[in-house]
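Sequence order for the protein chains is E and G. Residue numbering for the first sequence follows this note's numbering, beginning at 1 and increasing consecutively. Residue numbering for the second sequence follows this note's numbering, beginning at 1 and increasing consecutively.
If you're looking for bench data, these hints aren't it; they were derived computationally from the structure. Just so you know, these numbers come straight off a predicted model, no measurement behind them. You may find that some hints are simply not true.
[Claimed, not checked] Label-pair distances were calculated between CB atoms; the ranges are: (1) G:Arg181 / E:Ala32: 50 to 56 Å; (2) E:Ala62 / G:Ser7: 29 to 35 Å; (3) E:Gly281 / G:Asn107: 25 to 31 Å; (4) E:Glu21 / G:Ala299: 33 to 39 Å.
Using N, Cα and C, we set each Cβ at its ideal position, and we do this for glycine too.
There are 2 protein chains.
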Amino acid sequence: MAVATPSVTDICRAAQTASRELAGMSSALKDAALLRVADALEERAPEILEANARDLEAGREAQLSPALMDRLALDPARIGSIAGAVRAIAALPDPVGEVIDGFRLANGLDVRKVRVPLGVIAVVYEARPNVTVDAAALCLKSGNAIVLRGSSSAAHSNAVLASIVAPEFPDGAVSLVSGGREQLAELAGQEGVVDLIIPRGGEGLKQALSAVAKVPVIYAASGNCHVYVDASADLDAALRIVLNAKTQRPGVCNAAETLLVHADAAGAFLPAAGAALRGAGVELRADERAAALLDGSVAATEADFAEEFLALVLAVKVVGSAEEAIEHVNRYGSGHSEAIVTGSAAAARAFQLRVDAACVYVNASTRFTDGGEFGMGAEIGNSTQKLHARGPIGLRELCTFKYLVEGDGQVRP
Amino acid sequence: MAVATPSVTDICRAAQTASRELAGMSSALKDAALLRVADALEERAPEILEANARDLEAGREAQLSPALMDRLALDPARIGSIAGAVRAIAALPDPVGEVIDGFRLANGLDVRKVRVPLGVIAVVYEARPNVTVDAAALCLKSGNAIVLRGSSSAAHSNAVLASIVAPEFPDGAVSLVSGGREQLAELAGQEGVVDLIIPRGGEGLKQALSAVAKVPVIYAASGNCHVYVDASADLDAALRIVLNAKTQRPGVCNAAETLLVHADAAGAFLPAAGAALRGAGVELRADERAAALLDGSVAATEADFAEEFLALVLAVKVVGSAEEAIEHVNRYGSGHSEAIVTGSAAAARAFQLRVDAACVYVNASTRFTDGGEFGMGAEIGNSTQKLHARGPIGLRELCTFKYLVEGDGQVRP
């Protein structure tokens with residue numbers, strides 16, 4: 001494993017060299033290496049916990065928030081689930097070598113479009129040390145070298161975790177870089193060496209990267225998600241879906257932030273829904289028409305409809321038609337996950353065709369947008385970009401493809 | 001059609017509004033509109049030629065080079081082939097709505113991954129007015145609005161051509177923007193409005209864009225392509241392939257720029273190949289070992305191996321093994337199109353697995369990397385990027401996808 005002495009550029013170049021070896025590594029070898037990593041994580045738990053204790057100690061001195069301290073902390077159960085995730089990734093089908101398309105041209109040339117690794121992927125992330133192992137396992141399984149840039153608050157934990165993964169793969173395949181904004185800029189400038197940067201973190205990280213990145217970046221995205229209850233909705237199903245989308249795990253990107261209700265359903269739906277949501281601890285910020293049907297809501301501002309609360313807060317608005325709901329979603333949504341609850345085939349079709357988002361649900365909760373739920377195995381984040389990867393970023397999305405063309409002397413006339 | 005008065009931002013926002021309508025336009029309506037465009041191009045040829053004459057007159061005054069004047073010039077035959085290209089694009093299958101993947105989850109949710117338009121695509125291009133129509137037809141067929149930014153030297157021709165295409169599609173779907181670097185920067189800053197910029201032009205344009213772009217960019221790429229003649233190659237086929245790859249159309253990105261020859265084949269191959277290439281007007285720049293077997297070559301410098309000549313110039317090098325050839329290609333190549341000529345299954349396999357390029361050929365010319373040749377219909381360029389589109393950029397590559405998920409009340413446990 002690379003240590004801190006070489007420059008970011010040196011580390012990235014070594015990763016590129018390793019990536020050429022990884023691209024040709026068989027599935028059997030990669031999976032065996034990942035299973036050895038999983039075993040080693042459990043065997044070396046005391047060493048991991050000791051390093052983690054040093055990070056926690058430093059975190060206490062630096063007065064990190066309880067939430068950050070919780071994300072930083074490891075215990076034997078958490079180490080067990082990290083090892084379990086590595087075994088699950090080893091069990092997934094290898095995306096490398098999959099023939100995506102193939103055809104014979106009129107002149108006899110045989111063309112295959114084949115999935116291949118991207119090469120070198122850099123992951124920039126914040127406090128959670130489990131990301132070190134998850135991200136490495138996903139990148140290595142898909143034949144990519146990985147450069148990890150974790151948070152300094154988890155430096156000891158990350159170093160031990162990376163030192164457990166790295167020896168099972170070619171030299172340079174797994175590296176940690178540290179340092180401040182200057183090193184981040186050096187990483188983001190590795191055009192032609194690093195093939196993709198995936199930042200996992202808040203707006204500050206996104207701004208810092210987008211100002212300097214020469215390398216392609218896919219942002220693990222925020223989500224301003226909506227549930228629209230149509231005039232013809234089954235109101236029991238609508239209530240279950242809204243409660244689930246808002247409260248089942250409010251701090252994640254596929255949780256709902258706004259409830260839209262058709263005027264014809266509002267009278268029957270909103271009073272009971274409002275009571276249930278308030279009962280679940282949800283603060284309601286309502287437009288004028290919704291507020292008239294809700295007890296104890298506060299007035300919603302324009303900004304509330306644009307905000308990703310990531311908390312037990314829900315904006316509520318009454319709309320006059322499915323069209324108005326679609327327009328609201330396309331105006332304020334972040335293109336992540338959007339749901340309609342309806343009994344109308346026409347409304348369902350219009351919503352699916354016209355809403356511009358990675359995942360558009362009919363009569364289901366937005367909370368299913370997830371690589372694991374979609375059967376893609378683990379994910380390294382969710383993309384709201386339209387290019388390359390949209391929705392969950394799994395093993396296939398960590399790959400590119402090439403065209404392999406075979407002939408017997410064909411030339412172009 | 002938008003005229004010059006509104007700002008670039010206004011034009012892009014109108015394009016975004018139009019894109020929502022285009023995304024739902026049926027194939028039948030789009031194809032009928034394209035066929036009317038093709039007819040109108042032929043009917044209004046005199047008007048097009050008159051505008052083109054004004055551009056040519058200005059070009060003569062500005063003392064444009066003969067090559068640029070040729071690219072700028074239209075005549076009835078060229079207008080006929082522009083109309084023909086539009087009819088060919090209308091005849092292609094519609095990529096929009098294609099189900100790429102689909103599955104049912106354990107909880108009964110049905111998931112479809114469906115191809116949808118990107119939204120708004122901006123194409124920035126230089127003198128050739130035919131690009132105005134080609135690019136518009138490709139974007140519109142794939143359900144995208146297009147913002148065209150052509151060269152000022154073709155302004156009159158482009159204006160007439162765009163005014164023929166635009167009325168057949170929703171308002172704002174086809175727009176021309178003009179102006180200098182400031183307007184280019186305004187276009188490149190339309191994050192969230194313009195979904196993709198495709199520049200077609202030289203290094204200067206690429207540099208100018210990459211300095212300011214906030215919007216994703218796919219560069220229609222340059223190609224430093226190689227032909228490697230292995231020890232076991234059929235030398236007659238090798239000569240045909242090298243001549244074709246170098247001379248059939250030397251000014252394009254899939255033409256070969258370097259010939260690599262295995263030392264065991266060099267004695268039998270290079271003297272005759274050199275004579276044939278020189279006979280076709282090719283200047284040879286050879287390394288020491290190759291030069292000893294070639295009459296009239298000049299000494300190759302390191303820079304020659306890195307250069308895309310786009311002319312009748314070929315760098316030549318003798319290598320000791322297929323491995324050395326692969327390393328040379330990965331070091332100097334631009335990831336476009338690479339070919340091996342060999343009788344060895346092992347060498348063919350190693351070359352295809354280990355060469356990192358969009359298209360890797362065995363026993364065929366590099367000249368086949370082309371959307372038309374690959375059966376994708378027309379193309380808007382070739383990408384050497386690894387993300388989103390690699391190789392020819394056709395109708396599918398102008399699309400993204402979304403997941404449509406249908407249920408009957410599912411919530412996440």
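The hints, checked one at a time:
Restraint check, G:Arg181 to E:Ala32: a C-beta distance of roughly 55 Å satisfies the suggested window 50 to 56 Å. About 48 Å separates the C-beta atoms of E:Ala62 and G:Ser7, a value inconsistent with the hinted range of 29 to 35 Å. Against the hinted window of 25 to 31 Å, the Cβ-Cβ separation of E:Gly281 and G:Asn107 comes to about 26 Å, which satisfies the hint. Distance hint for E:Glu21 and G:Ala299: a CB-CB separation of about 34 Å, consistent with the stated range 33 to 39 Å.
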